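Engineer: Next come the chains, spelled out residue by residue.
There are 4 protein chains.
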Amino acid sequence: MTKAPYQPIYSFKNDYSEGAHPNILQALVDTNLQQQAGYGEDEYCQQAIEILREKLQNPKADIHFVSGGTQANLIVISSVLRPYESVISANTGHINVHETGAIEATGHKVNSVDTEDGKLTPEDIKPILEFHADEHMVKPRMVYISNTTEIGTIYKKKELETLHTFCKANGLYLFLDGARLGSALCSSENDLSLSDLSHLVDAFYIGGTKNGAFIGEAIVINNDELKREFRFNMKQKGALLAKGRLLGIQFRELFKDDLFFQLGNHANQMASKLSENIEALGHGFLTKSTSNQIFPILPNETIEKLSKKYAFYIWSKVDSEKSVIRLVTSWATKEEAVNQFIEDLRNI
Amino acid sequence: MTKAPYQPIYSFKNDYSEGAHPNILQALVDTNLQQQAGYGEDEYCQQAIEILREKLQNPKADIHFVSGGTQANLIVISSVLRPYESVISANTGHINVHETGAIEATGHKVNSVDTEDGKLTPEDIKPILEFHADEHMVKPRMVYISNTTEIGTIYKKKELETLHTFCKANGLYLFLDGARLGSALCSSENDLSLSDLSHLVDAFYIGGTKNGAFIGEAIVINNDELKREFRFNMKQKGALLAKGRLLGIQFRELFKDDLFFQLGNHANQMASKLSENIEALGHGFLTKSTSNQIFPILPNETIEKLSKKYAFYIWSKVDSEKSVIRLVTSWATKEEAVNQFIEDLRNI
Amino acid sequence: MTKAPYQPIYSFKNDYSEGAHPNILQALVDTNLQQQAGYGEDEYCQQAIEILREKLQNPKADIHFVSGGTQANLIVISSVLRPYESVISANTGHINVHETGAIEATGHKVNSVDTEDGKLTPEDIKPILEFHADEHMVKPRMVYISNTTEIGTIYKKKELETLHTFCKANGLYLFLDGARLGSALCSSENDLSLSDLSHLVDAFYIGGTKNGAFIGEAIVINNDELKREFRFNMKQKGALLAKGRLLGIQFRELFKDDLFFQLGNHANQMASKLSENIEALGHGFLTKSTSNQIFPILPNETIEKLSKKYAFYIWSKVDSEKSVIRLVTSWATKEEAVNQFIEDLRNI
Amino acid sequence: MTKAPYQPIYSFKNDYSEGAHPNILQALVDTNLQQQAGYGEDEYCQQAIEILREKLQNPKADIHFVSGGTQANLIVISSVLRPYESVISANTGHINVHETGAIEATGHKVNSVDTEDGKLTPEDIKPILEFHADEHMVKPRMVYISNTTEIGTIYKKKELETLHTFCKANGLYLFLDGARLGSALCSSENDLSLSDLSHLVDAFYIGGTKNGAFIGEAIVINNDELKREFRFNMKQKGALLAKGRLLGIQFRELFKDDLFFQLGNHANQMASKLSENIEALGHGFLTKSTSNQIFPILPNETIEKLSKKYAFYIWSKVDSEKSVIRLVTSWATKEEAVNQFIEDLRNI
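In the order they appear, the protein sequences are chains G, W, C and V. What the first sequence shows, in this note's numbering, is residues -6 to 341, in sequence order. What the second sequence shows, in this note's numbering, is residues -6 to 341, in sequence order. What the third sequence shows, in this note's numbering, is residues -6 to 341, in sequence order. What the fourth sequence shows, in this note's numbering, is residues -6 to 341, in sequence order.
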């Protein structure tokens, strides 16, 4: 993933280029001088938790807010595993590649598997379990998946059920990284609901940062075994914010009127519009994505011209003529910018 | 430190009961839809860094923003120490008591020293260096101090110079936790400036969370040896926020017109008013504090009555009749509340 | 603890100055070319385990052999504690002082307590439990004691029973470091048996290195909760020796005919002879010890003269005239050397 | 690698089935009652170090003895890397597979590469360096290789020179795991000397355990940057044996008259004899090995019959008819056993 130089013209580099949704800003203003308890024990966090539990249809879920995805991953994983236990991840998994060894820094190996689409199946996991047969090797105890994956694909309900059943049968915890769960659940192909996740995974998190919040991920723990003294882990890793209200207010706003889903829908629609038009112009894609990240394959010359007006990452080389780029849309992506991009691509 | 039950009436429990200063909220609104690079490479962080370098009179300082104090402490300390090296702290030091073993979780021992006033002197440190004589013991390599300390005291310039000289002579890095640096630098007894800190410590951080920001601490690294690849450490510990702009904007607002010092002054004035009046009513104090935390000693009956209208921590017992309470003021403390507290105390 | 220069004349510096008891050497010769399974799955380890289980009167005890005491401590402690949990130790405890931060390197804080005699009581532990009240602090979960302690004292059965009851009542695991357990159990004041330890502590280890073996400590796990997958922890910390037979053979020899106790007795008798005669010559002691480490207080001049013929550690200064020295005897200490020392002291 | 059941008949399972070479036993007897300083500061360690420095033609080499290979690997690697730095290894590397996550337990990621023969080349390493471009990923800083590799192959001098040059040019430390260095240096194809290793790698270790010692690996540090305070790392990881003499005596015996090489030669000759005869009988091999581990491919029926008289590992399946087995010879392998094995194979 080489960095194209940052351009102020219009950025499709990621889904965190802007601030927060105006409702959130307004709620911050409205609550600003209310005195509240610190460290997540404020009323706003409590309200957000109650709203989420209802959406999850899981009144017993433990819910904790942290500031970012790497933090959520490292806290959940290190709180669950014993020292010699490992976590299984797709090779492309965020914990395996893009967290500067955060999981290893807590003492645990990531067992990675090659996948084509960034998703794990029992068939990917079985050989790892068979191979790790004795105490000379780590003991895999957790499966880490992402929805959407790092390459824009999503899990279907059937796939997740199969994984869930397999994990239960094999003594593995199933943990879902939902940094882009908003886009996943709003994908045109999605058949999963928030409440499905209450039953199908042991723990997961709902990404706020990439779907309209300034910062914030909501960790949801379904499995009672994993709930004990979780806040100790958060504090130790520096994740217990003195003004936890900042996280509670944002999640309350995102979920009280389903703003979270509206934002995910907007992001996906902008991506679809890009996809459909890019395809119509005769270009192919690295993966078929129905989420807010798309990976078109374009001629290098075209890429160079586009990069004068648009910011995006060059994902990988295809051959000497062509490369894959990544275009990311978000809650804040302007439709005019999408239209202009398509127009510009057509005219190159 | 026993928790008194939280009361919605008026809280002197801490300096993070409210949101952020209105200037910060306004700046968040104003910048909200500007697209910016992620992970602290945005223009607002850059502006904040430049303003801070000027205030520090240290154009070469490395400055990084993180979300909280425990995070700042654990990242700086673990980035500096080799595996067998330790950090020296007052027994009351935040890293020694109130971070759930965050430093040990990165592999390092905290060598703690009893102190009366929460401050370290060369005399406190020398016996530790003498004792740790060979490879059967950890090797102390860093000294951790806080200004203000956890019990409200501050370092005078002369004291810090002495520590600095001692540390240099003994191969120790000096690191200052400035979670409440605003209050320290605005204390009536203070003779230190921000730019003094550029010369007297190897690294320190400037606390935003407890002086008007939602979240945010600015880590300042003066010593060139400690600057290398610092962002890798931040990312690994989950401290590199995707929307780093949230931190940059706040520090820009706090420092561009010295708002940071105005807020510190307000907090201290409110604390002084409390102190002077409590003293005038004949009560003593655990420590003489000129910062925003004061520790009056009151009869238990009085405490009980006060706790019906005010929230505060009971710090420790003195005897069967009296206890120490902690009162904390902040940028947001209302003078009417202070007046009322004094009035109520007078009438008990 | 300053090092006196090493002297080839006669050393009372420690109990590991010589090799191994001749029975052990003979057994190594006798078994040398027998092919055996690796990593502790050999017949000699199995034989040693069976002998030990019988001595312990605990057929369900899990027993594992490792090469040294620091290794035993760090493996047991890190295998038991969750990331945010801590271990309570006397200030003088080996894990707190003389293991170069080995416990912290596995991520855990050591909560240390000042004691006079190196032993812990419920009264020492209670304030620590009371203080650590919430998730901003580590959660103490284990108590670490040593028998003999680092300053030569021993636990009486009643004391250990009291500790055991207290720990059970407070959700604390009790772990006993038995690096010098041989000397403790052979002390004239001892009323504990190996089988008592099966009931009174959750885990402990029996030190071979300091009682006649080349290397080797036998970790005994009584509490079923702590037994799971223990060998994974050993392997991860580099403690699973390919030729585990080396450890099994030694413990078989030490315990099959109670050689372990004979050696402990010899060491203690040599120490007693030293103590009684030093006392008879009018000198005092730092602690009253009935084990193989004694701490006489001698005039500095006397110490200087003795150090021309004997090697020992100067433990601490008493005043400008006198210091405490540490004399250690072992299974290999020659009675002539003891007699000569007494004679020399008498003639100074 | 499935375990065939252990058989007392004759074992080719590994090179640590027997005790130690008789010279070592004799030296243990001869030195047994000599009083010596503890923790590796004894005369025997010093003698062994001097002999080794001469063999290495590197009088400045730092040499330390530890008890096993996993311990050597985890201490060297964790002492060198900063928290966010990683080590590159072949997928088959011992640290990547067979150390129960020992490296990750010290906080560091292992970047693994698929190789055919277990050896690394610059071409294997380059893509890893290119991929790890910024602070969102670990920073590879060390290359870990084994000689012989885990699958019996060896490095030629030219290959090691190329790696050395590449590592220097790219700021990477080169570390060689020599658990089976004896067999490597005695291979018929070897053109490396011990003194070559002084110039070509930053650190390596010489395996004693698998070449005639009870326990013991000699860590050799060539690069001055890596020498500082190394014993602190050893102590912290539980590797500083109180009776370090046990390691010194063994290495003195192995090297004072080149016993180490005689034993390596014997092991290799026994393996060659097996290889040549197995090949002559028409069987193929997984890898071409000139060291003490060979990997013949045999019909499953044949394997089953052989396993009634011989112990060995079944390494992997080839197809439904055939499997790869691993045969390991050692300093103690009896030529009659080798002859009998060949005879038995011929008659199946």
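What the hints contain is simulated information worked out from the structure, not anything from laboratory work. Because the structure is a prediction, the values reported are computed rather than measured. Please note: incorrect hints may appear among the correct ones.
Given that identical chains are not distinguished, each listed pair holds provided it fits within a single copy or across any two copies.
Derived SDA-like pairs (lysine to any residue); straight-line CA-CA distance at most 25 Å [to be verified]:
(1) K220 <-> F278
(2) K315 <-> D127
(3) K53 <-> E36
(4) K132 <-> W308
(5) K302 <-> N215
(6) K327 <-> Q19
(7) K266 <-> L279
(8) K220 <-> K302
(9) K151 <-> Q27
(10) K266 <-> H276
(11) K249 <-> E314
(12) K298 <-> L279
Engineer: Go through the copies and call it for K53 and E36: within, between, both or neither, with a Cα cutoff of 25 Å.
Structural biologist: Cα proximity of K53 and E36: one copy only (18 Å, versus 43 Å across).
Engineer: How would you label the pair K302, N215 (within, between, both, or neither) given a Cα cut-off of 25 Å?
Structural biologist: neither (45 Å within a copy, 39 Å between copies)
Engineer: At most 25 Å between CA atoms: does that hold for K132 and W308 within a copy, between copies, both, or neither?
Structural biologist: between (33 Å within a copy, 20 Å between copies)
Engineer: Go through the copies and call it for K298 and L279: within, between, both or neither, with a Cα cutoff of 25 Å.
Structural biologist: Classified as within; 20 Å inside a copy, 52 Å across copies.
Engineer: Under a CA distance limit of 25 Å, which applies to K266 and L279: within one copy, between copies, both, or neither?
Structural biologist: Close inside one copy (17 Å), not across copies (53 Å); limit 25 Å.
Engineer: State whether the alpha carbon distance between K315 and D127 is at most 25 Å within one copy, between copies, both, or neither.
Structural biologist: Close across copies (24 Å), not inside one copy (46 Å); limit 25 Å.
Engineer: If the cut is 25 Å between Cα atoms, do K220 and F278 qualify within a copy, between copies, both or neither?
Structural biologist: neither (41 Å within a copy, 41 Å between copies)
Engineer: Between the shortest in-copy and the shortest cross-copy C-alpha distance, which are at most 25 Å for K266 and H276: within, between, both, or neither?
Structural biologist: within (14 Å within a copy, 61 Å between copies)
Engineer: Since the copies are identical, ignore which copy is meant and state whether K249 and E314 lie within 25 Å (CA to CA) inside a copy, between copies, both or neither.
Structural biologist: neither (49 Å within a copy, 49 Å between copies)
Engineer: For K220 vs K302, is the C-alpha pair at or below 25 Å within one copy, between two copies, both, or neither?
Structural biologist: Result: close neither inside a copy nor across copies, 48 Å intra and 35 Å inter.
Engineer: Taking 25 Å as the upper bound on the Cα-Cα distance, should K327 and Q19 be classified as within, between, both, or neither?
Structural biologist: Both: 21 Å inside a chain and 23 Å across chains, each within 25 Å.
Engineer: Could you figure out if K151 and Q27 sit no more than 25 Å apart (CA to CA) within one copy, between two copies, both or neither?
Structural biologist: Neither way: K151 and Q27 sit 46 Å apart in one copy and 40 Å across, limit 25 Å.
Violated hints, in rising order: 1, 5, 8, 9, 11; the structure is consistent with all others.
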